[in-house]
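K.L.:
Modelling step: build the complete structure from the supplied sequences, incorporating the hints.
Here are the chains, one letter per residue:
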Amino acid sequence: MINNIRYRALLLVTLLLAGASSSCNKWLDLKPQDGLVKQDYWKTKEQLDAAVSGCYASMLDGASLPLTKYMFIWGELRGDMTVSANDAAAGSTTTTLSTLTRDELDMQHTDLVSTNTLTNWDAFYEIINLCNNVIKYGPGVKGNDNTLTQAALNAYIGEARGIRGLMYFYLYRTFGEVPLKLEPTSSDSDIKPLAKSTKEQVYAQIISDLKYAADNTVISYGNIADDKGRINQYTAYTILADAYLWNEDYQNCIDACNKVINSGNYQIFPALTGQFTWYNSVYITGNSVESIFELQFYAQKLNPFYDMFVGNKSPKEFKAADYVVNGDLFGTDLLDAFNHDIRGSNTSMSEGTGAILKFNLASTASTTYQHWFLYRYSDVLLMKAEALTWLSPGNVTNSTAAINIVNQIRTARHALAVVGNTSINVPDPTITLDVSNYIFNERAREFAFEGKRWFDILRNAKRNNYANINILLNIVSASAQPDKQQSVINKYKDIRSHYLPIYTKEIQNNSLLVQNSFYQ
Amino acid sequence: MKTLLLKSFYLLMIGTLIGLQPVKAQTQSQAQQTTTIRGRVIDKKDKQSIIGASVVELDNNNRTVTGVSTDIDGNFAIKVSKITNQISVSFIGYKTFLTKAVGERRIINVQLEANANQMTEVAITGNRTVSNGTGLNIDARNSTMASSTINAKDLEELAVTSIDQALAGRLPGVDFGATSGDPGAGMSIRIRGTASITGSAEPLIVLDGLPYETTIPPDFNFGTADDVGYAQLLNISPSDIKDITVLKDAASTAVWGSKAANGVLLINTKRGITGSPIINYNLKASMSVQPKGIPMLDGNSYATLIPEEFMNATGAPLDFLGNAGQNKAFQYDPSDAFYYYNYGQNTNWLELITRKGFTQDHNISMSGGGEKAKYYASFGYLNQTGTTLGTDLTRITTKINLDYTVSSRLRFRTDLTYTHVNNTLNYDKSLRTVAYNKMPNMSPYLYDEYGNKTSAYFSPTSNIQGSYPDTYNPLALANTGLSHLSGERITPRFNIQYDILPSLLVSTVDLQFDINNLKSKTFLPQIATGKISTDNSVNLASDNDGDSYNVQSKVNFIYTPQLGEKHSLQALLSLQTEDSNSASYNATTGRTASAFLQDPSSPGINSLGLSSSQGESRNFGAVIQGQYVLLDRYILSLNARLDGNSKFGPNNRYGLFPGIAGRWRISGEPFLKKLTFLNELSLRLSYGEAGQAPDGSYYGTYTPLGWSYNGRASVVPDKVELSNLKWQTVIGKNVGFNLGIFNSRIKADVEFYQNTTKDLFFKDLSVANISGYNTIGLNIGTLQNSGWELGLNTIPIKTKNWIVGFDFNIAQNGNKLTSVSDFYPRESSLGVPGLGKFKSFLLVGNPFGSFYGFKYKGVYKDKDATIALDDAGKQISDANGNKVYMRYNYPAINYTFQPGDAVYEDINKDGNIDYRDLVYLGNGVPKFTGGFGPNITFMGALKISAFFSYRWGYQVINNVKITTTNMYGVNNQSTAVLRRWRNPGDVTDIPRALLGVGYNWLGSDRYVEEGSFVKLSAVTVRYNFPKSFLQKLKMNSLSMYLTGQNLLTLTNYTGQNPDVSTQGDNTPFSFPTDGGLTPPSITYTFGLTVGF
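Here the protein sequences come in this chain order: A and B. Going by the working numbering, the letters in the first sequence line up with residues 48 to 567, in that order. Going by the working numbering, the letters in the second sequence line up with residues 47 to 1138, in that order.
Note that these hints are calculated values from the structure, not bench results. A couple of the hints might just be wrong.
Said to hold, decoys possible - Capping the alpha-carbon separation at 30 Å, the derived lysine-lysine pairs in DSS-like fashion look like this: (1) A:LYS183 to B:LYS772; (2) B:LYS809 to A:LYS239; (3) A:LYS306 to A:LYS509; (4) B:LYS883 to A:LYS363; (5) A:LYS73 to B:LYS804; (6) A:LYS73 to A:LYS85; (7) B:LYS418 to B:LYS316; (8) A:LYS78 to B:LYS765; (9) A:LYS243 to B:LYS804; (10) A:LYS73 to B:LYS765; (11) B:LYS804 to A:LYS239; (12) A:LYS306 to A:LYS258; (13) B:LYS1007 to B:LYS338.
Unchecked claim - To give an idea of the interface, some chain B residues facing chain A are shown, with a C-beta separation under 8 Å as derived from the structure: (14) GLY690; (15) SER692; (16) GLY746; (17) THR747; (18) TRP753; (19) GLU767; (20) ALA814; (21) THR864; (22) SER865; (23) PHE869; (24) VAL930; (25) PHE974.
Owing to the predicted nature of the structure, the values given are computational and were not obtained by experimental measurement. Here a beta-carbon is modelled for each residue, glycine too, at the ideal position from N, C-alpha and C.
P.N.:
Dropping the structure here:
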């Protein structure tokens, strides 16, 4: 009897142990139920498509600040057209400024330190990581899904590389040297320190990414929203042209511009187009014939611009600088109210309030979904003009062609001949700097508040080894606080100060990263 | 899930089959031969026949074969299947009579004896055993564990609604965090400090031998809901509890695996005992009073202060028409009736939202049982109204514990617990703070433009204080806002015990299901915020649903061989599994059409959020444990646990955590036998490891974004795969002594311990953003936690009439990081910490808790006083001979101090107050904490007990003082600011009022105070009615008591309540900050216990 029971007990224990150990490992392998795990992803072309779409969709957002807000701030705040709306009120304000508004003021006053949260590049590297994911894991999909053709795969990879190129181009223009992270972070083993690459390496990577995109993406997606909202061949050439221009590679820039121009896909609204018609189609509705690349906000994903420019907070975050409001940029015809630049008051900003209107004329907090305009056709034309001017300085044919491009746009926009107290004269084509400034000044009107001003200033200042640095010094000293003007000018004579410091957190958490020398 | 259920079911089946088979075989073989036995049952004393006594045939295993009951004359006749079986005769109120084997007897007359004294005997005899809950029953005197136990008797007099409140201060080394005092709010429990710097530091609760979940699953996405609402998940009715044991050292907690690294609270509930039914009724009725807080300015003084702040800050008088007309609040112009009346009041907002709180707690329980079956059933009803308007709690608890003995070898138990909770809180938990800050000249109700008071709440969209959520009408929010939590929790549990080899090898199988459904609804009405109708926070409604389902199984084999007098051995093999599922759902909408449409599904409104989540995790544990005792003096205990957890990657999924503990009973040695006064002297040593699993899964996940791009679905990787994540391991070492002298009239327990946490988890460690992520979870370093504890129980007086006892406990604990990742920050903030902030540093190897700031030296009385002085005390001049004035943080801020500004000590005498002038101000870690109290019993009937808790030798930052005296904003201030500096020459300790500018309230020793206190936590007077009186009333027991809680605090602290512990995560940068505006409420309780 006892033996019998002993035997049974033993059997029970054995059974239990055997059952537990064999199935235990399987039992403990438990995947999360409300999300796909990495191991199950990258199996079908639909997943690949959704991942590429995720790169674009994420550009509508951002970790600490929306990506488009960084694009605006980096491109405008150190320029002369946008000011923090808290600035004027600073003397009398009774509320303490938030960290963000304080940092905005500091950047506007060119009073930059590495703790300024606006030097945080997280939104850009977040997109870069998403692109890296597609670039690394996308090709694996082909092995699992036979319906994915090589050409389609290359097109997807091309889109990802195009976006990555654009992101690095922003970082390159803003920081100079940055770490080139080209592998995705998919597990904690990928969190490793990474040193900065040289400017040359970053530039080479940008060109290589954009060339790949230009060679592999489609010519058209077959619908307007995707053609304007995703990277196609011409989008890639446009960004490429911008990068070439930045690095003073004029012939390549002209070639890239010509690809876009010769496609015949884009045009400028004709002269005498009414202001509202033009404003409405280009900025409010978006995806117009003038558009090349726009980030497609929509009713379910609102843009951040309402709070930045219009919102019911008082004061607003940003507004147009006084000289723009006073008519010294677009001009006012006191005798004929109908004679005005269609890009001026009530398009770019309001002369009455100084509010920036480009992105929100009639929108409310719940209908603010105008697009963010990365590139418009006029940009390609003016880039070509600028490249022509500097391709072989003094060449009258090229300069005349450049002047003609500017004039074409001026006519289409009904630009005024007299702005403030100065009349705008067509420059002498033999004086290269005058032609260049003619383009530079027109760009200010054409791309007001589109996040391009500072890059235009810096590009023109640094050309030919900072031959024209005064263009920058005049501008920064005008926007500096009066008591700090001299120190700001001295600071900006050091060309290293034209790039932002690396955010403290990055220096702390990446042992190989060295602060940009000016800020050490 | 299914597989687990099936598996558990098989286990049960196997267990049952093995148990039943031999029995079945026997009954079949004996079926034919039956014998009839007759007899009569009478009372031994009065020889009267007993009617209805049960007469039962029992087999070898004491299993019931057949049974009859006696007739009106006490006669019975029973057919017995086997003459080797015995007959048992039992009746309620009598001792059970056993006949032994029937043999050749055919007539058996039985005299039953009344068992009046039997029960009390049972209760007194028998050694108290302690257990780590796994199943081994170890005599308390042989325990190798560092543990403390508290019996329900000690707790039942307190007006507590949950166990955590009752235990506060009563156990050495167990620290209870402050509670908000709102109904349903919970406490944080810390055993021996915390062993982690993020993640849960709460101990594991083991209820009747199986872990009991007390936290809300991390997957629950409860949106805006208030997290204190979930603390009452631990809602076992205190009167159902038999005892609570705290396991402290790693060697004893290790058997509970990954959740037990922060210590274990073992809770046993009451079970039925043999005897006639006992019905008990407990009543607790209490009243809570909110003591007066700090005195605040009234409307008139406030309306003087604010314009003065403006004047000092801007140099110009307040423009009454400026600021979009909002400054009119200070104009007091009778011709503008709207402002004159609506902003010309003296409103005490706090009084308006405060009331007396009442609690009634009823509990009825019934217990009893016979030879075969025992039961304990209870029903509780609690209703509590909080001291703040709009807060209440209703709770219904029921519990049924059943024990059934099938045979002497097979027993089963089944327990069922059900709890229903209804808890209402204020929409905003900072309601009281807003009431303190709210401008006192504002009216709670609207006056119309003719100066007539209306019944509508006065809720302007915004006024000078801002708009919702910064400020609102607190009375309107308390009355009309809603945050309601309701929950149902059912915990059925099954247990089978089978003696495979009687008194040698016992097996138990446990299966517990835990079904917990919660619903939280919130509503923010427009009439409380005054927001304009297009704003999304107008009539904001949310509905959150969270369900969790948890299955646990435990299979134990306990081996207790008979090794003779000198040795004894117990060994345990335990296999445990747990599978937790949770799902949640959340919907939020704004702008419902009216304040009566409080459901987010109301049509035609603006949807703000719709989310759901689902999660599952599993773990598996195999425990081996053994305890060997030699000569009753040398005790050795060994254990090891193998843990597997689904949250880890395949490389680190399993962890093995060993433990060893020993006890040497020195008093048992022959050479100490002569010391007769010495009852017990033991030395205990232990070493143990325990692993802890992180919150989430290691898997990297891809998640769809909440929006699309041109209509295409978008998916992004939102979480990095954590393939390197390892078990966070606590290595605990403990040395303890037990001493008992003079018939155990003096008992002392001393413990010294050191817990080292290896591979600390850090959930949101900041990483370089170039990775594409801001933070990830990593193992980052090693934390050391060490200290000592002393518990003392004494009975100094014990006479026939008097018993006087005195208990005392004291403990000390400290934390330090001994190694940490380079990514982990070394300072709490960069540079000067800023207004109202203090600075702390991480110094690897140094204890936590120190904070730094400026030295406050009063107020600059005039311009001359602001001239900088050098080392020798001479005024500093610059190269041109001009006087140099004191500055703040040159060159970054470069503010020149003005007369009336705060003076900070210029430590380095450079005329500039900056980070170089920061000095050590204090340390928030107490040198000692603990409690003590006497208990006096007179004639066994009148009992008086008191309990004091204390905390000694630590500094607290009085944050209330910061916010109520800074005169920096437009919030109401305390009456202390009436002393403020106003004119040159004023000598005072309160600087001038400055709206939004200046540096008058930098973190300085002005706000740092010694926090040491002794608090009279509770006093109870209890009267037990004497037996003679009770017999007349046919009652079993009757007692009444009165308790007062939080009656008195002795302290030098000038704030409201020095009993604050560090809130939130236990980081090197945290220190205790007192933000409490009112001291804890004083509660008086009347209680009644009746037993039949």
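K.L.:
For every hint, state whether the structure bears it out.
P.N.:
Hints and how they fare:
1. A:LYS183 to B:LYS772: Status holds; Cα separation ~27 Å.
2. B:LYS809 to A:LYS239: Cα-Cα ~18 Å, so holds.
3. A:LYS306 to A:LYS509: The given pair, whose Cα atoms are some 27 Å apart, holds under the 30 Å limit.
4. B:LYS883 to A:LYS363: The hint holds at about 29 Å.
5. A:LYS73 to B:LYS804: With a Cα-Cα distance of about 28 Å, the restraint between A:LYS73 and B:LYS804 holds, given a limit of 30 Å.
6. A:LYS73 to A:LYS85: The hint holds at about 18 Å.
7. B:LYS418 to B:LYS316: Distance ~18 Å between B:LYS418 and B:LYS316 Cα, so the pair holds.
8. A:LYS78 to B:LYS765: Answer holds: A:LYS78 to B:LYS765 is near 13 Å, not above 30 Å.
9. A:LYS243 to B:LYS804: Distance ~34 Å between A:LYS243 and B:LYS804 Cα, so the pair is violated.
10. A:LYS73 to B:LYS765: Holds, at roughly 23 Å.
11. B:LYS804 to A:LYS239: holds (22 Å)
12. A:LYS306 to A:LYS258: holds (13 Å)
13. B:LYS1007 to B:LYS338: holds (16 Å)
14. GLY690: At about 5 Å, which falls below the 8 Å cut-off, the nearest Cβ of chain A leaves the hint on B:GLY690 intact, so it holds.
15. SER692: Interface hint status for B:SER692: holds (4 Å vs cutoff 8 Å).
16. GLY746: holds (4 Å)
17. THR747: holds (4 Å)
18. TRP753: The hint holds - B:TRP753 has a Cβ within 8 Å of chain A, the shortest such distance being about 4 Å.
19. GLU767: Check passed: Cβ of B:GLU767 comes within 4 Å of chain A, closer than 8 Å.
20. ALA814: holds (4 Å)
21. THR864: Because about 21 Å separates B:THR864 from the closest Cβ in chain A, which is outside the 8 Å limit, the hint is violated.
22. SER865: With a closest approach of 17 Å, the B:SER865 hint is violated.
23. PHE869: holds (5 Å)
24. VAL930: Not OK, violated: B:VAL930 not within 8 Å of chain A, min 19 Å.
25. PHE974: For B:PHE974, the interface hint is violated, since the closest Cβ of chain A sits about 38 Å away, which is over 8 Å.
Of the hints listed earlier, those the structure fails to meet are numbers 9, 21, 22, 24 and 25, in rising order.
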